[in-house]
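**Student:** Chains as they are written, first to last, in the working numbering: chain A, 233 to 463; chain B, 4 to 572; chain C, 3 to 830.
Note that these hints are calculated values from the structure, not bench results.
Do not take every clue at face value.
[What the hints assert, rightly or not] Simulated crosslink set (BS3-like; lysine-lysine; CA at most 27 angstroms straight-line):
1. A:K388 <-> C:K73
2. B:K273 <-> B:K177
3. B:K177 <-> B:K345
4. A:K292 <-> B:K312
5. A:K456 <-> B:K312
6. C:K665 <-> C:K109
7. C:K184 <-> C:K543
8. B:K264 <-> B:K413
Listed here are the chains, written in short residue letters.
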Amino acid sequence: MTRWGMVIDLDRCTGCQSCVIACKAENNIPFVGAEQARMGRDINWMEIISEIHYEGDEVKRRFIPRPCFHCESAPCTKVCPVHATYLTDDGLVAQIFHRCIGCRFCMAACPYTAKYFNWSYYQIPDQMTLGRNPDVSVRPAGVVEKCTFCHHRQLKARDRAAAEGRQMMPEEFVTACQESCPSAAILFGDLDDPDSEVAKAAHSPRAFRMLEELGTHPKVFYLKEEENIDG
Amino acid sequence: MMDRDILHEEDGVLLAPIVTTQRNFYYTVAVLLALVLWGAAAYITQWRMGLGVTGLNQPVSWGFYITNFVFFIGISHAGTLISAILRICNAEWRRPITRMAEVITVMVLAIGAANILVDLGRPDRMLNIIKFGRYQSPLLWDATSISAYFTASTVYLWLPMIPDIAILRDTVGKRMRWFYEILALGWTGSKRQMAVLERGIGIMTILVVPIAVSVHTVVSFVFSMTLQPMWHSTIFGPYFVVGAIFSGIAALIIAMLIIRKVFHLEGYLKPVHFYHLGTLLLVMSLLWFYFTFAEYLTGFYGSEPEEMKVFWSKFTGHYAPYFWGMVVCNFVIPLIALSYRKNHVLARTFIASATICIGMWLERFIIVVPTLANPRLEYGPGSYLPTWVEWGETAGCFGLFILFYVLFTKLFPIISIWEIREGRERSVALVVERVQDYLPDSANGENAADAVQTTEQSDDEPAHSDPVLPEPGSRAEKLITFFQYFVPVSFTFAIFGLIYWIISLIFLARRLDDVPSASIGISFVAIPVFLTMLGVMWYVFFGIMRNQEEQADPAGPATSTEVAEGVAR
Amino acid sequence: MALTRRRFVGIASLTAAGSAASVGALNRLERVMARRGEWYDRTEERVPSICQLCPGGCGLSVRVVDGIPVKVEGNPIHPVNQGRLCPRGLAGLQSLYDPDRLVSPAKRVGDRGSGEWEKISWDEALEILAARLGSLRDAETPHSLAVMGGEYRGITHRLWDRFATAFGTPNYMRMRTLAPEKPSPVAAMMHGEQRPITYDLAEASFVLSFGCSWLEGWRSPVNQMMAYGEMRAGRNGGRAEIVHVEPRMSISAASADLWLPVRPGTEGVLALGLAHLILRERLFDEDFIDNNVLGFEGWTGSDGRRHPGYREMVLEEYTPVRVSEITGVRAETIVSVARRFALKRPAIALDEDRSALHGHDLFTRMAIHSLNVLVGSIGAVGGVLPGNQSLPLDDWPNLELDETSRRGLSIRRLDGAGSGERFLDDEVPRGIAEAVLDENAAPIEVLILHRANPLYGRADKELFRRALEQVPMVVSLSTVTDETSRYADLILPEHHFLERWQDDEVTFLAGFTAFSIGRPTVGPLYDTRLGGEVVFSLARKIGGRVAAAFPWKSYEECLKNTCHGLFRSGRGYVVSSPSDEMLRQVLQRQGYRAPEFDSYSEFWDAISSSGAWWERFEPYERTLHSFNTPSGRLELIPQLLNRRLEEAASQQVSGETSVGEEKGKLLMALGVAPDADLSLYPRLLVASADATEDDDSYPFLLKTYELLTIGQGIGANLPWLQENIAVHVDGAWDSWVEIHPDTAHALAIRDGAMVVVESAAGELTLRARLNSGTRPEVIAIPVGQGHSAGGRWARDRGVDPSDLVTSKKAAGEGLGFGEPTRVRIRQG
């Protein structure tokens, strides 16, 4: 059984936001406009957290791309009253947009604040609707949405494989963020396949997971920055 | 006309609001309607434009609505629980209080639950909760135990009202009679009916207490089942329950004081009542403080960074005013006001209660928002500024609650007449008897017994003068009988519906192998509870009906034949 | 200016939003929209294209479903970005569907800038223009046509150049801040390079970047970020170390291992401070310097004067303590950085920062570049590589010029580039504006602006506004109504880059050159035309020799002919799958070459469907010992500069002034003490340090910088970018000023409060953002916002910091040189 997971190398990340925009373009994520954004209602399935800290008098800033972590034991799936968000067999935390009743319990429960709510129906000019990705449904107002690990791409790859009468290879399934990342900081693949790149990276000594102590078992790993030996 | 006469009888004043209507009544209703309309307008806007019209945002995705939900459900503990406890321990001073308490519960529960629906982003998909409901989610536990609590307290409100309804049926004029007849189930007040009723009440009294406790525990689970800082706490259950009772009593006291003033019931609600309740309030205030202290101390002592972010935002940060406001309202003021009550009992208890109501609302707010506003990861703090919509909804809720209450006082006596009478007639003796049980045996024990004897009333004599029952066989009578049956039957369907739903959900939970404790435990408890309620309902219903028939058949024709014979002679 | 109803109507009718009424333009769009509802089998294809949102030259692979582009992605086999892409490129799709695009030609009916327009047909529009141009030639004044080009790439430049020549005007110039295919002045002086030197970042072990935002806005960001990834991956050379020197913590600084917040304008001093240690500890690459470098040691000039050499001068002037005082960088830091830089080879010192460092940018940059020389990185793998050879493109048929043209071309260019103070520049856009406003200069009758927008984001935009009002006829060829188009008499809407054939030459990246081809991904959505083809039809309408200069029917044909050279040259390959590339490299190393295509048409099909042709260079192929300098060696103290100075001076010389005096003036213009000879570094830079002493009236230094998202405003009308405009502050849909917390505290400014930033040039009100990633005396404002036109999302949003810029520097203005701007802040 494949277990999809992601490894993000913080040492490589430059905080360029390619992943963010690639995600928006791939998943028909609406822009909410200035006022809404000022209210903090912008939707970023992939978001770059930028944190600043001090080493002595030296200022350091680091960028942390944050998709949905697709936790093994996901706090959000437990609390959903209508089974609109749940864990699939291959370990994705799925979100059923057309079943969600918009109680936002999952948002309150997610320790990573990785879930987003469609506060209003976000209208875009007609011309722009042309540019929508036909593979991804457009969410109505009043439902929760989040990163799906580009699930539609997986389906597509699987169908293609089926059509060609073969098994789907994990390499066929790449997420939009991984694809676009200029510094190749994002790896994606099957964590259960021991000789997949992502599995190896996930076992590297630099690997850690966000808020591991909560026992949510995220399937997104981070590789911490390295220090130069003589630096 | 006889409507008016009754006012001059004993306890007539209790019926006054029903029989007569002051101009103030209309004013009040008008004002409340205005509030409700504001709420309605707000909700319609929200329905059409989506939740975007509120101040909610990322990460503060819960705000006023959830706060109101918790607050109102909390208030609901005023009634049923208090009155149940007082009943159980035979506190004789309860008699004028119980009903106005129970009413609060029923009204407020409905409103509290409604707030969840208002909070939904897609109210049109509300029924998905029934279709795809999942017992893993604390929201479902809420649904279950709130519905249990709601039914229970409705029954528990209705049962003790039957005799009073009968009184109304017999006294109030034609216009409303049908209504009272349906609800009175042909109550004649015979000893037998009394016995049935009291047993029914007795069972409910016991049943209600655990349900009430469960409700607010489960409400607290909505928060404590998540991993969020300052939510994920083991004492949230009891903490919420205590808070609930605390705010409940406060609300009750306010209601009592207002009613006392408006309906001139000084004769019934005496300072002593407030003194007692005040004492209770003081105790709860201390208890509340203890829980708050324990809750925050543990958080502070552990001082996880995320926990502390929330902690400081409450103590010194953006939410400090609300937090300290809460402490002052819930602890400082009540402590001062209630600890010395030699004079101005009413004023002091009122002040205390008022501040507590505010304070407890703040407490709920302080629990919901700061945690969400300080996410674990470095997003920077969120902010929350409610818009007119949220204010409107909130105002509407309060308006609706008071409106219901006012209308209730218009339809039913807000103080249980029969219990008052019963008290007058029997409680002294009963108390004497009870006290004598504790006392070491003495020579003149019999006298006490005599005393009891004398107050014994004869079996077949009805509770009060003339039970006005519809003529047997008349269309009116049939119709009414139909409705009388209709009530329990529909109730039965409702209960079985609920049970069916619960069972199907349990199966779903097993299929999805959800957390078993959650899915099985809570729901399993619910089923017997519902069944018991159903049992009580039927027992009381048929108890009273059968008695009525027995009385009607022999008495009616018999007398007529006697007359006939007399004529013949 | 207030938006009156009439003007609004005018503007609206020009943009797609308003054109819903005008059926003609939207027909196609509507048809497409209608078809989307139906049920049918989806056809999906990937069309190669080129990103035009910056000169980086990334290859795009556009996902086209049923003939409609639905996603822009990187072209996986394109050598520049290998499938990667930056946020701006990814948002490019939104610019295609931008509802505020120009949808048809229009003629001005109201006053200049009033923005009242009347729709006209293309023929009509071209007629008007051609007639006017024809009259210029009849009047024998072809030189009074000026063509100003913007940020377009590829052969379009050659087309305009050819047009200008054929027409007979010397006044064709480009207005752009990014011209990566031009050599940096430093390279030109010290190496004598004609083409830009390249930096082999991916292989470097140490990168010391002086304010060069190489991860955001320099050359080809995506390519550099890929290199960054390589450097971090701990490849066989080990993990490369990155040190960034800049007063503000840019993204590049944040990504570096060490950020040195240097006092603004003292970068050069720091560089020489590092040089001092390298020299003192003899860590420099001696044999490289002995064999290839001139000016290291002192020498005696022809005039018998003793010139101190680089070594001598640096050793005596730049002791760490002193440098530390001037730059504000701790002495021990300087020492350790210097040592690591010298020992961790190959090391690169990046000097090519586009933002003005200080009055003497040229010498600052020379000082920085001298570090590369010291550690012998020049020409080394992972170091600084000489310019790539140019692409084997076909030349076009020779131009026969008629008499008119010849006379026109003989007249001196209006912007005075290459002479006087501007002896370093080859084009100075502002020069045109000055010329127009100057009565006794030859007048400009017609000004054609192709994607040039001088009225936005330039310190001299007011100058241009006045100039535009003087010019009798202004024509704007653009895709959106930008600030300048509003002053145009004639608006010619251009295809969006996803709608047209494109081409781009990438010669400024290490290790390879590439020629990219982009096919149209979708037919034109509106009544627009391709810029290049507008030139053709214009030429045809003018007729005569001008028409003859353009024998091609279409841009595509022209492109096809031009690329023929790539095929004939027998060099390079059409990009293809990685495995093929691998095989080829192996063969190439062994000196074999597998001919791929029998005919040119095959070649063309291949290149236009795969997206690019490219040629790899193995670093070791480079020959080092030929520098195109007077001495044939790498000159630390460039004689070329001296020569250029003297030429320029001698031109200036008039009766009473001597060459020496004139030379002095020019040196002043370059920020150098007039007495300085050309062993320039010392006095000059040290002296400069005093200039950054706090000045009471304007205590702060303004640092404007470019965001990777909206860049210099090109992304301002793309909602996705506006909403995720930056990561280091929360500034969505707005602009802000970054202030150091201490400074802010002193001024009692809270985060998010509105403040007024004021300079001698003007004042702006904007939101304050406290950010400890900057020096206390420096405040930073991003460019790109503050448009007064250019679409609903760009318009009236944020501020344009160029309103504050005070630099009036002429010398090297075209190279991005300029003085820093001093400002003060108060609460708004």
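**Student:** Are the hints correct? Go through all of them and say.
**Tutor:** Hints, verified against the model:
| no. | hint | result |
| --- | --- | --- |
| 1 | A:K388 <-> C:K73 | 16 angstroms, holds |
| 2 | B:K273 <-> B:K177 | 34 angstroms, violated |
| 3 | B:K177 <-> B:K345 | 48 angstroms, violated |
| 4 | A:K292 <-> B:K312 | 21 angstroms, holds |
| 5 | A:K456 <-> B:K312 | 24 angstroms, holds |
| 6 | C:K665 <-> C:K109 | 49 angstroms, violated |
| 7 | C:K184 <-> C:K543 | 33 angstroms, violated |
| 8 | B:K264 <-> B:K413 | 16 angstroms, holds |
Of the numbered hints stated above, those contradicted by the structure are hints 2, 3, 6, 7, listed in ascending order.
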